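Using the sequences provided together with the hints, build the complete structure.
Heads up: the protein sequence lines correspond to chains A and B, in order. Here the UniProt record's numbering is used: the first residue of the first sequence is 1, the next is one more, and so on. Here the UniProt record's numbering is used: the first residue of the second sequence is 1, the next is one more, and so on.
Hint data in this document are derived by calculation from the structure and do not stem from the laboratory. Misleading hints may appear alongside valid ones.
Unchecked claim - To be clear about the criterion: a stretch of chain B counts as covered by chain A if any three or more of its residues have a C-beta under 8 Å from a C-beta of chain A, and this derived list gives those stretches:
(1) 261 to 275
(2) 333 to 342
Claimed, not checked - From the derived model, a few chain B residues whose C-beta atoms are all more than 12 Å from chain A:
(3) PRO50
(4) TRP71
(5) GLN75
(6) ARG187
(7) ILE243
(8) GLY327
(9) GLY356
As the structure is a prediction and not an experimental result, all values here were calculated from the model. Quick reminder that beta carbons are idealized off the backbone N, C-alpha and C, glycines included.
There are 2 protein chains.
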Amino acid sequence: MERDELGAWLRLLLTPGVGNATARQLLAALGGPHQVFEQSPAVLASLVGPRLADALLAPPPEWGRQLSTTWAWLQAGPAHHVLSLADAGYPPDLLQMPDPPTLLFVQGSLAALAHPQRVAVVGSRNPTPQGQLNAREFARALGHAGVCVVSGLALGVDGGAHEGALDAGAPTVAVVGTGLDRVYPARHKALAHRIAATGALISEYPLGTPPLAPHFPKRNRLIAALGQGTLVVEAALQSGSLITARLAADMGRDVFAIPGSIHSPQSRGCHALIRQGAKLVESAQDVLEELHVLPPADAAAPADEPPEVPATGDAALLAALGHDPVGLDALQARTGWPTAQLQAALLELELVGEVGRLPGGLFQRVGRV
Amino acid sequence: MERDELGAWLRLLLTPGVGNATARQLLAALGGPHQVFEQSPAVLASLVGPRLADALLAPPPEWGRQLSTTWAWLQAGPAHHVLSLADAGYPPDLLQMPDPPTLLFVQGSLAALAHPQRVAVVGSRNPTPQGQLNAREFARALGHAGVCVVSGLALGVDGGAHEGALDAGAPTVAVVGTGLDRVYPARHKALAHRIAATGALISEYPLGTPPLAPHFPKRNRLIAALGQGTLVVEAALQSGSLITARLAADMGRDVFAIPGSIHSPQSRGCHALIRQGAKLVESAQDVLEELHVLPPADAAAPADEPPEVPATGDAALLAALGHDPVGLDALQARTGWPTAQLQAALLELELVGEVGRLPGGLFQRVGRV
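Written as structure tokens, this is what we have:
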């Protein structure tokens with residue numbers, strides 16, 4: 001994009017009162033952003049009313065500075081891109097929305113945005129430890145199957161989803177609610193760099209935009225639109241993830257939800273979605289089957305490998321544990337081990353997080369997908 | 001029922017090769033069991049073929065002894081009943097099946113069988129501790145709402161369901177797979193007595209029938225038929241509870257299932273049911289609403305009462321725990337308590353079963369409905 005053209009798009013983006021829907025309407029009527037600013041007040045007023053016509057004819061005060069910053073950012077590296085609505089590389093899925101972003105700022109690979117198979121993975125910023133693990137392991141399995149995971153870079157499930165995709169060496173797209181020169185939350189700075197290295201960070205907000213509360217739910221519509229389906233890992237009732245799921249359903253996309261304990265508030269949202277028609281999924285395979293994604297032959301291998309097991313003694317104990325909570329007596333009957341050996345081995349498995357201790361002196365294996 | 005009439009019914013029941021469906025067919029054609037045994041071989045053969053006609057004309061060898069035993073049992077107490085297909089008190093819901101029991105042995109109150117609102121509560125014989133608790137608490141809440149809980153007296157979920165109903169002072173019906181003079185499993189002897197005192201134990205098998213494997217899945221069809229809906233609390237894939245649920249669905253009854261962790265094999269069956277159209281429920285209230293049961297005004301109270309909480313210090317700690325797994329650091333930050341006090345209080349709550357210890361040094365409240 002030339003500096004001059006970028007300038008016209010930024011001026012449109014920065015004009016107060018002109019949102020994505022109005023911008024799209026002006027462009028549809030007049031052709032391009034340059035044409036917008038060449039019109040007489042009367043023509044503009046006939047299209048968008050006198051108030052917005054006046055706004056469009058007064059260059060926004062921050063325009064010049066914003067253009068310099070953005071132009072410098074674009075020159076700073078080949079991984080910096082700005083896509084306008086008029087760009088051939090603009091993701092067609094976003095055009096299905098009434099208010100597609102006028103400009104899309106991209107840091108990373110444009111190929112990730114055009115990846116043929118994309119699944120949105122979203123959920124609570126405050127998941128249970130198992131929910132966090134599920135996010136990562138579902139995303140890893142989706143990545144292994146060649147799917148690009150789309151999420152929102154938030155703490156909790158979003159972060160786990162991006163990490164799982166990266167674990168699988170798959171591209172992942174993070175839709176953020178700030179300017180791309182800022183990382184929010186700061187704790188995800190390193191993660192954001194890793195995402196940009198093989199996938200993409202994208203934003204509809206100009207550089208320098210701080211984290212503003214209203215931007216995060218708006219950002220959700222892009223996550224929903226970019227996914228061929230949306231998986232909700234854990235979500236409380238009245239959470240942003242449910243908004244994303246509703247937007248996805250409204251766009252006719254599949255919504256998937258992972259069930260959980262009826263006593264966990266972080267599962268309530270998923271249960272509500274299932275009652276409303278979302279598909280209950282127990283594994284990434286369930287998602288892939290619904291979306292008719294066939295894993296590439298070489299990517300199926302990790303799922304077929306036996307799970308990692310510790311040394312022989314521990315393996316025997318894990319087998320004896322099964323997946324149900326069991327007491328020491330039952331374990332002793334199953335293993336035939338003396339009490340001291342059994343207790344030592346259980347403690348060891350507990351310390352490495354393979355086994356949990358439940359009330360009533362029961363032990364249970366901690367599940368992995 | 002007169003001794004003579006009981007004798008004719010028992011002879012029909014004991015005739016080898018004559019099952020419930022054949023018995024019903026004979027009774028429909030001929031009127032009553034006496035009429036069956038008055039027919040000529042030719043008439044019987046025209047109805048059920050020559051082999052069964054021969055069987056019907058030879059009194060079964062155990063008939064006399066069985067009649068004496070059953071007659072003595074009937075005289076032994078006012079709570080012992082035998083209902084035949086021809087009896088006005090025979091549960092009409094059972095007649096919807098192709099093979100209603102020819103005779104129904106009842107120990108307890110006939111009123112429980114005719115209770116206007118009945119819900120079947122079934123599930124794994126080997127539930128998780130939370131599943132066991134859920135069975136009891138859902139049944140208790142259903143009982144408080146005036147519903148009669150129907151289950152199968154098995155270990156695990158069935159036992160919890162009966163106990164919950166008894167907790168609420170509500171009648172509960174146990175459909176068993178043995179003769180009523182036997183209790184299986186033996187561990188539920190005291191429970192069976194408590195059920196018979198206010199509700200009913202019922203069986204389609206003659207007295208003295210031992211626990212035989214094929215009887216248990218058959219018994220499930222009676223549980224499904226007696227419930228206006230069937231709630232599956234926890235169930236593995238390919239378990240008897242799923243048979244009960246399928247039979248209930250086939251009879252056009254509602255099926256309800258409680259979701260759980262995707263890593264718990266005891267939740268797989270419930271998840272499969274939900275995918276097949278069962279209603280996901282998080283509380284007994286969800287079940288009552290679907291069945292349009294309005295709790296009586298005085299019965300609503302227990303649900304509104306605050307949950308039982310231990311002494312003040314513990315209540316504060318439980319509040320600080322919330323419902324998510326949390327670490328010691330977070331708890332310290334939330335309570336401001338010194339480490340020693342916090343650890344002592346956590347241990348105490350763990351010992352009374354209010355708190356569980358998870359891998360990674362995390363603590364979690366154990367949920368109650």
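Cross-check of the supplied hints:
A count of 11 residues in the region 261 to 275 of chain B with a Cβ less than 8 Å from any Cβ of chain A is obtained; the coverage claim is therefore met, three being the minimum. For the region 333 to 342 of chain B, the proposed coverage by chain A is not satisfied: 0 residues have a C-beta within less than 8 Å of a C-beta in that chain, short of the threshold of three. No beta-carbon of chain A is positioned within 12 Å of the beta-carbon of PRO50 of chain B; the least distance is around 52 Å. Here TRP71 of chain B stays apart from chain A, with its beta-carbon at least about 45 Å from theirs, past the 12 Å limit.
The Cβ of GLN75 of chain B lies farther than 12 Å from every Cβ of chain A, with a closest approach of about 45 Å, so its non-interface assignment holds. Distance check for ARG187 of chain B against chain A: the nearest CB is about 15 Å away, which clears 12 Å, and the non-interface claim stands. Every beta carbon of chain A lies more than 12 Å from that of ILE243 of chain B, the smallest distance being close to 21 Å; the non-interface claim holds. Its beta-carbon lying about 10 Å from the closest one in chain A, GLY327 of chain B breaks the requirement of being farther than 12 Å from that chain.
Listed as outside the interface, GLY356 of chain B is inconsistent with that label: its C-beta sits roughly 5 Å from the nearest C-beta of chain A, within the 12 Å cut-off.
Violation of the numbered hints given earlier is confined to hints 2, 8, 9; the remaining hints are satisfied by the structure.
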